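Here the protein sequences line up with chains Y and H, keeping their order. As numbered in our numbering, the first sequence has no gaps in its residue numbers, which increase by one up to the final residue, 290. As numbered in our numbering, the second sequence has no gaps in its residue numbers, which increase by one up to the final residue, 1222.
Misleading hints may appear alongside valid ones.
[To be verified] List of simulated lysine to aspartate or glutamate pairs, EDC-like, C-alpha gap at most 20 Å:
1. Y/Lys210 <-> H/Asp1069
2. H/Lys1052 <-> Y/Glu202
3. Y/Lys210 <-> H/Asp1050
4. H/Lys1214 <-> H/Asp1161
5. H/Lys1214 <-> H/Glu1035
6. H/Lys1054 <-> H/Asp1092
7. Y/Lys210 <-> H/Asp1062
8. Y/Lys121 <-> Y/Glu70
9. Y/Lys50 <-> Y/Asp109
10. Y/Lys75 <-> Y/Glu57
11. H/Lys1079 <-> Y/Glu202
12. H/Lys1070 <-> Y/Glu202
13. H/Lys1088 <-> Y/Glu57
Derived from the structure by calculation, the hints contain no laboratory data. Bear in mind that the values here come from a model prediction, so they are computed numbers and not experimental data.
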Amino acid sequence: MKFGYLYKEAIRGFANAKLSAFASVITITLSLILIAIYFLFTVNSNRIIKNIKDKVEIEVFLIDDIKTDELNTLKEKLKAVGGVKNIVYVSKDDAAKIFSEEFGSDMLDIYDYNPLPASYKINLYDEYKTIDRINRIKAQITNLPQISDVQFPEKNLELIESKTTGFLFINLIIMVVITISSIFLVSNTIRLIISSRSKIIETFKLLGAKRSFIMIPFLIEGFIQGLAGSILAISALYLFFTVFVSKFESTDLHFELLGTDIVLYVVLIGVTLGIAGSYFSVLKYLKVQN
Amino acid sequence: MITLNNINFSYTSKEIFSEASVEISKGEFVFVVGESGIGKTTLLKLIYFDVKPKSGTVIFDDYNSGTVDKTEIPFLRRKIGIVFQDFKLLNDRNIFENIALPLYIANGKKESIKKRVFDIASKLGLIEYLNIFPYDLSGGEQQRVAIARAMITEPILLIADEPTGNLDPFVAMDIVKLLNDINKTGTTLIMATHNFDIVKKFADKRILQLKDRKLFDVRLKA
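Please build the complete structure, drawing on both the sequences and the hints.
What follows is the structure, encoded as structure tokens:
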């Protein structure tokens, strides 16, 4: 089979149905913009959640007269608790330093002694950062004699836990809706193009063309439409994010925007939409035609 | 070459063939006659496997409708030249490309395609039209292009479905003479028509009549 001839057929197809081909490219572009925005929304939301979770740590406050050897023994005991990623010791002096950095005034200006306790900050693995698991850890260590108090940001965790389930569910619904509507829109537009060329398909079949001979030009067209649609979508997103980034660049939130991987995904999805849309439409038509 | 054996065929609301049988030998010229809508086109479609009989078998060359695989049908059709009632010329390409289409489909070589198109176009008086488009030709000229396209692969069977249906009587006669010449070179020819004037002028040919959902050989009275 001569690829050159089939490619020429594909280009002829474009020329025959310029308006429909343009409509198909625009449909693919809009679908890709929706998919990309949804994808970036998900990635960035997960990033924000992870950011909050990363900051979740257990603060184990120590009694004032703890001895150095007790410190090491306690550290080993804390390490033995399940899920501990690392433990950092914050001495009384360190605590005072952190206080003055955060509040801008020296502790010793307010009191004539340092009232802040030394502590161990325990960072847990992500899967252990749930209220239930932390409370279990808390129960395990809170009665140790060297420990005066154990605290963790329960409110933040509560917020994440209550919102994440709903968020994941809504995310799933949005994903299903966007995917189905994209496939539906693209395949319908392509089907319009193909039905407008039904006479050509029928003639080809009756003249002895194999399915592949009929199919390949449409797949090439689908590929070109998908590629054109993804280039347009990337350009539109790039313009949008150029404005968007300039608004947010002063904040400390680092958003995931149009990285190389996302550009590649968009092109891959666009080309797949174009080719799959063409394939299923022609296939359906060939079956109807017997 | 072609055998229809106890064919039954019907569309949803209409029975077309009931236990119809016929044999057509290599090199024959057969007129298929009958009223409009009686099933002449369906008979031709059965022969080029565009429709399948409900029961019974159609055998063309080595292909049997009961056992043929779908993937073999394109190869079967490459042995048949078909001249359609509505020509089925493609308006998005010029006459050269229309005539050459079956060769492209059969994966012919570019140089040989060019030579064969020029050969057949000169035989059928179409050389001057090769660069223009079908819609610029008269009905008779379009029919010649359709015949050229059907003959380009040198098929063993040429099927013509009402090839004179839309033509004036003089052009119609020319087309049938052309088909007769093709048949004389050894190509089996089946032509569906409801034009009895033409059939009468070629009374030496075999005439198959469709009647009462069956096929009959008929002879014209002298």
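To see whether the hints hold, each was checked on the structure:
1. As the CA atoms of Y/Lys210 and H/Asp1069 are separated by approximately 13 Å, the hinted pair is consistent with the 20 Å bound.
2. Restraint check: the Cα-Cα separation between H/Lys1052 and Y/Glu202 comes to about 17 Å, which is no more than 20 Å; the hinted pair holds.
3. Our distance criterion of 20 Å between C-alpha atoms is met by Y/Lys210 and H/Asp1050, whose separation comes to about 14 Å.
4. Taking the CA atoms of H/Lys1214 and H/Asp1161, the gap is about 19 Å. The hint holds against a cut of 20 Å.
5. Our distance criterion of 20 Å between C-alpha atoms is met by H/Lys1214 and H/Glu1035, whose separation comes to about 13 Å.
6. Proposed proximity of H/Lys1054 and H/Asp1092 is contradicted: the alpha carbons are some 37 Å apart, above 20 Å.
7. The suggested pairing of Y/Lys210 with H/Asp1062 holds, with an alpha-carbon distance near 19 Å, which does not exceed 20 Å.
8. Of the supplied pair hints, the one linking Y/Lys121 and Y/Glu70 holds, its CA atoms being roughly 16 Å apart against a limit of 20 Å.
9. Proximity of Y/Lys50 to Y/Asp109 is assessed by CA-CA distance (about 38 Å); at most 20 Å being required, the pair is judged violated.
10. Restraint check: the Cα-Cα separation between Y/Lys75 and Y/Glu57 comes to about 15 Å, which is no more than 20 Å; the hinted pair holds.
11. Between H/Lys1079 and Y/Glu202 the alpha-carbon distance is near 17 Å, which keeps this suggested pair within the 20 Å criterion.
12. With a C-alpha separation of about 16 Å, the suggested pair H/Lys1070 and Y/Glu202 falls inside the 20 Å cut-off, and the hint holds.
13. Among the hinted pairs, H/Lys1088 with Y/Glu57 is inconsistent with the structure: their alpha-carbon atoms are about 76 Å apart, more than 20 Å.
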